[in-house]
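J.: Sequence:
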Amino acid sequence: MTLVSALWFVVPFAGCSSPEAPSDDEVAEVLDSAKSNLVFVEGGEFWLGDVGNESGVLFNPIADDNKPPKRIELDGFSILKTEVTWGDFVTFLRDVGRAEDYTIDNGFTRAVTLPIISSDDPASPNYKHKPARSPNFQEAENYCLWLAEKTRLPFSLPSEAQWEYAARNRGQAIAFATDTGEVDLDKYLQRPSYAIDPMQPVSGNVLIHSSIDVERRPVGSYPPSPLGLHDMTGNVAEWTKDWFRPGFDHLSTKNPVAIEPSREYAGKRVVRDLAGTGDHLGGSATVYARMGRELDNYLYGFRCVVNQPEPINELP
Numbered sequence: 006m007t008l009v010s011a012l013w014f015v016v017p018f019a020g021c022s023s024p025e026a027p028s029d030d031e032v033a034e035v036l037d038s039a040k041s042n043l044v045f046v047e048g049g050e051f052w053l054g055d056v057g058n059e060s061g062v063l064f065n066p067i068a069d070d071n072k073p074p075k076r077i078e079l080d081g082f083s084i085l086k087t088e089v090t091w092g093d094f095v096t097f098l099r100d101v102g103r104a105e106d107y108t109i110d111n112g113f114t115r116a117v118t119l120p121i122i123s124s125d126d127p128a129s130p131n132y133k134h135k136p137a138r139s140p141n142f143q144e145a146e147n148y149c150l151w152l153a154e155k156t157r158l159p160f161s162l163p164s165e166a167q168w169e170y171a172a173r174n175r176g177q178a179i180a181f182a183t184d185t186g187e188v189d190l191d192k193y194l195q196r197p198s199y200a201i202d203p204m205q206p207v208s209g210n211v212l213i214h215s216s217i218d219v220e221r222r223p224v225g226s227y228p229p230s231p232l233g234l235h236d237m238t239g240n241v242a243e244w245t246k247d248w249f250r251p252g253f254d255h256l257s258t259k260n261p262v263a264i265e266p267s268r269e270y271a272g273k274r275v276v277r278d279l280a281g282t283g284d285h286l287g288g289s290a291t292v293y294a295r296m297g298r299e300l301d302n303y304l305y306g307f308r309c310v311v312n313q314p315e316p317i318n319e320l321p
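Each residue of the sequence shown is one higher than the last, beginning at 6 in our numbering.
One or more of the hints may lead you astray.
Stated by the list, open to error - Pairs of lysine to any residue residues, derived as SDA-like cross-links and limited to a Cα-Cα distance of at most 20 Å, are as follows:
| # | residue 1 | residue 2 |
| --- | --- | --- |
| 1 | 72 | 228 |
| 2 | 155 | 180 |
| 3 | 192 | 251 |
| 4 | 155 | 143 |
| 5 | 72 | 59 |
| 6 | 155 | 177 |
| 7 | 273 | 143 |
| 8 | 72 | 177 |
| 9 | 72 | 255 |
| 10 | 155 | 72 |
| 11 | 75 | 156 |
Derived from the structure by calculation, the hints contain no laboratory data.
Could you build the full structure based on these sequences and the hints that come with them?
T.: Right, here's the structure in full:
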């Protein structure tokens, strides 16, 4: 999507600001943070999909929708080093006048457990530095397009290929997007939900646990990957902009994006990092796992990319 078309897309959704619109300084803080936290990913070629390790053992053996791998070429791009935070996401919703759309009074039942408010309290599930869980795909996409409108940079959700290329340190055959390529589980959620203590010190290098709790760690809690990215394994699963189809035959070989839904999988976009959903069996926590989810699903987070082949932070 070009920047011009992205801006056209945002305008109809923006509407009038609510009485609780953020100040100019609050918006500027979000924009400055987004630009300063971009990590440049040099383009190149790689095999998209489960390539297996050096011995030929597949990383995600029980799944069929990430095989066979396909050779892909990507231009360089920049990607947010962390998932978009809850505080920044709420600022966006307030700025475009849609925070009140996601309330219990307006039928958004998820607000019972995760109201659309931002908190300075680290013990709160609404703590501003925890990753956002967008109420639907559209608002995740709209957030990135809002950044594009405000910064005049070509922000968007990442393509599935961009997401996997970055998670794999520019296409390396690794299983997890951690500092070591392996997982050392934080024991944070390995207890009944009533016993979870948000102030428990961080341990390990990733948050993966079979849990439906809305709890998650603040972004940047764990060591970054060698590329400088946090939580591409664990914390929350992430939306990409591709429509879902099994396999990769439908993708072009250059900067691919699945831009049209299939009849069989209509209405589903690709979600990556299943470790962020609490799934960790059969290789589904690896960076190769993928799934298609309905657009109104409220469980997933996201990060944005800038589709520009030169580094942003090195520009004058």
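J.: Hint by hint, note whether the structure agrees.
T.: Against the structure, the hints:
1. At most 20 Å may separate the alpha-carbon atoms for a hinted pair to count; residue 72 and residue 228 exceed this at roughly 30 Å.
2. A C-alpha spacing of about 36 Å is found between residue 155 and residue 180, which places the hinted pair above 20 Å, so the restraint is violated.
3. Between the alpha carbons of residue 192 and residue 251 the distance comes to roughly 33 Å, so the proposed pair goes past 20 Å and is violated.
4. The straight-line distance between the Cα atoms of residue 155 and residue 143 is roughly 18 Å, inside the 20 Å bound, and the hint therefore holds.
5. At most 20 Å may separate the alpha-carbon atoms for a hinted pair to count; residue 72 and residue 59 meet this at roughly 17 Å.
6. For the hint linking residue 155 to residue 177, the alpha-carbon distance of about 34 Å lies beyond 20 Å, and the restraint is violated.
7. Taking the CA atoms of residue 273 and residue 143, the gap is near 12 Å; set against the 20 Å cutoff, the hint holds.
8. With a C-alpha separation of about 16 Å, the suggested pairing of residue 72 with residue 177 holds against the 20 Å cut-off.
9. A distance of roughly 12 Å separates the Cα atoms of residue 72 and residue 255; the hinted pair therefore holds under the 20 Å criterion.
10. Only pairs whose Cα atoms come within 20 Å are accepted, and residue 155 paired with residue 72 is rejected, the gap being roughly 39 Å.
11. The straight-line distance between the Cα atoms of residue 75 and residue 156 is roughly 34 Å, outside the 20 Å bound, and the hint therefore fails.
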